[in-house]
Amino acid sequence: METEQKKAFEERLGLRFAHWNAPFWEGTQKGELRIQQCRDCKHKMYPPRVYCTRCLSANVEWIKCSGKGKLYAYSTIYEDPPPRVAKFLSPPYTLALVDLDEGVRMLTNIVECNPEDLKCDMEVEVVFHNIGEEVNLVWFRPKA
Amino acid sequence: MSEKWKYSRQLAVIGIGEHPSNMFAEKAPVELGLYAIKQALEDAGISKDDLDAILVHVILADRFFNTDIAWARMVEELGIGGKCKTNYMVHSGGSSASNMLQTALGLVATGSAETILIMHVEKLGTGLPSEGVRDIFATHGISEEWEFLYGYNYNGIGGLLTNRFMHETGTTIEEIASVIVSLRKWAALNPNALLRRPLTVEDVLSSKVVATPQTSRMCNIVCDGASAIIVTTAEKAKKITKTPVYLLGMGSLVTHYSLMSVPDMTRLGWQQAADEAYQKAGVGPEDIDIAEIYDSYPILPLIQLEAFGFCDRGKAGRFVYEGNTLPGGRLPMTTNGGMLCQGHLGAGGGTAVLVEAIRQLQGKAGERQVENANTALVSEVGGQYMDAHVVILGR
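Residue numbers (the working numbering), protein chains in the order written: chain A, 1 to 144; chain B, 1 to 395.
In short, the hints are calculated from the structure, not lab data.
All C-beta atoms, glycine included, are put in the ideal place defined by N, C-alpha and C.
Mixed in with the good hints, there may be bad ones.
Partial pick of chain B residues on the chain A-facing surface, computed with a CB cut under 7 Å [said to hold, decoys possible]:
1) R134
2) D135
3) E144
4) W146
5) E147
6) Y150
7) G151
8) G156
9) G159
10) L160
11) N163
12) R164
13) V209
14) V210
15) T212
16) M260
Dumping the calculated DSS-like pairs for lysine-lysine here, alpha-carbon to alpha-carbon at most 30 Å [what the hints assert, rightly or not]:
17) K208/B to K119/A
18) K6/B to K27/B
19) K70/A to K315/B
20) K208/B to K87/A
21) K119/A to K315/B
22) K70/A to K208/B
This is chain A alone, in the form it adopts within the complex (with noise of 0.2 Å):
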């Protein structure tokens, strides 16, 4: 699965793929959010590093989060995005801070939303969006 998406990265997306994040995107085509957390110190991170950015240690899991969490923050784009985004973002789109119950801000995009009715600290919860066989993208909705 890392090989298939290492290359929807690479050749689809144009961008790098980082080997260490690959049970992220694994996690997407299983319908889950995972954020990492260290063995050694329990501290939880997002977005996902090579050591724990609190003790340095390299024992560091992944765990599954509930998926949802509140708007820390957003804006609505009205401008194109770059053409490599462009191929499944178009505007207007909203962007987005969540602070997630786990306790880690994650950006990403609010979708299924008018934008005059998004406000701060509104709950949302996760939703997956597939850009191609390989690669889910984790948005966010207003809670049901």
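Fit chain B to the known structure of chain A by using the hints.
Using the frame of chain A, we list chain B on its own:
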């Protein structure tokens, strides 16, 4: 640290130069740079042969010239090969100039060099096709997998900060738009500025929405330009010029790389940076005559006015809306028109406000000269507002 900084008043600026900010398709980066350097040498009243170090900024729009200047092209253009002791690039994006002052202080304090040229050139206005500029502002300092994939860009970063700040403080969009009104009033008095036509709050808010709640007039515009600053020891500066401008104090704090990692983006690291700078300079906000504040989006000056102690939390918007930062106001702010009106010069946005603070303290700001300007605060920041830098200068 309770005593004043021992390096306060040890480094002095003796000359500045600036090429106007606009679109100059026919001019090469080296021409823009040399224009600013010659002006700075004339302003200082020294010969190019007096320079013994050059610190250069990154140029985002020209990767070849970027390597050229890191690899001593300007040493050769100025004919100081065999005399100049060191030439290198200091790069932290928008806070580069502040880091260069710190570097220059180290060079003069250790006797490694005596008279240092700081140079900046940018060609973002005409040096690249528009897709290239768009790509820079969606990729530079932005993580490919965790940010770029979501259509992240700097206008969006400004929008995220603005919405959260409004939510937490109750600041209104009209108050935020009034930052542009203030900057335009100053830019109208600045012949080097790109956008000089006065605007009302209504004009700002009626322009096209770009990244909510920001309209196009609340977003910066990239252009071409250049600047140069010459610094030396305080002792030497007094002999060379009648208008030396001294470095009184500086403070800085790197808080994050990605906006995901800063706990409170309505404050960032500004208060800690300012506290350090005030303490080193032995001054407080009440002593500041001019605030030359980094302004890539109008939310930035509001966050900083509060963190620097000029306004209480949530009151900066009202402070600007009521005209306190305008020409003749209580706290003249970003008197060149800033990145939002003089123009966005890449890593030189912070350099331009630094040049303006020096010009004001030299008493050479022409129509927009602030009377009795003795002490100025300058702020700079790079990347996703990763590092707060505050510099205090005085006559």
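Hints not upheld, ascending by number: 18
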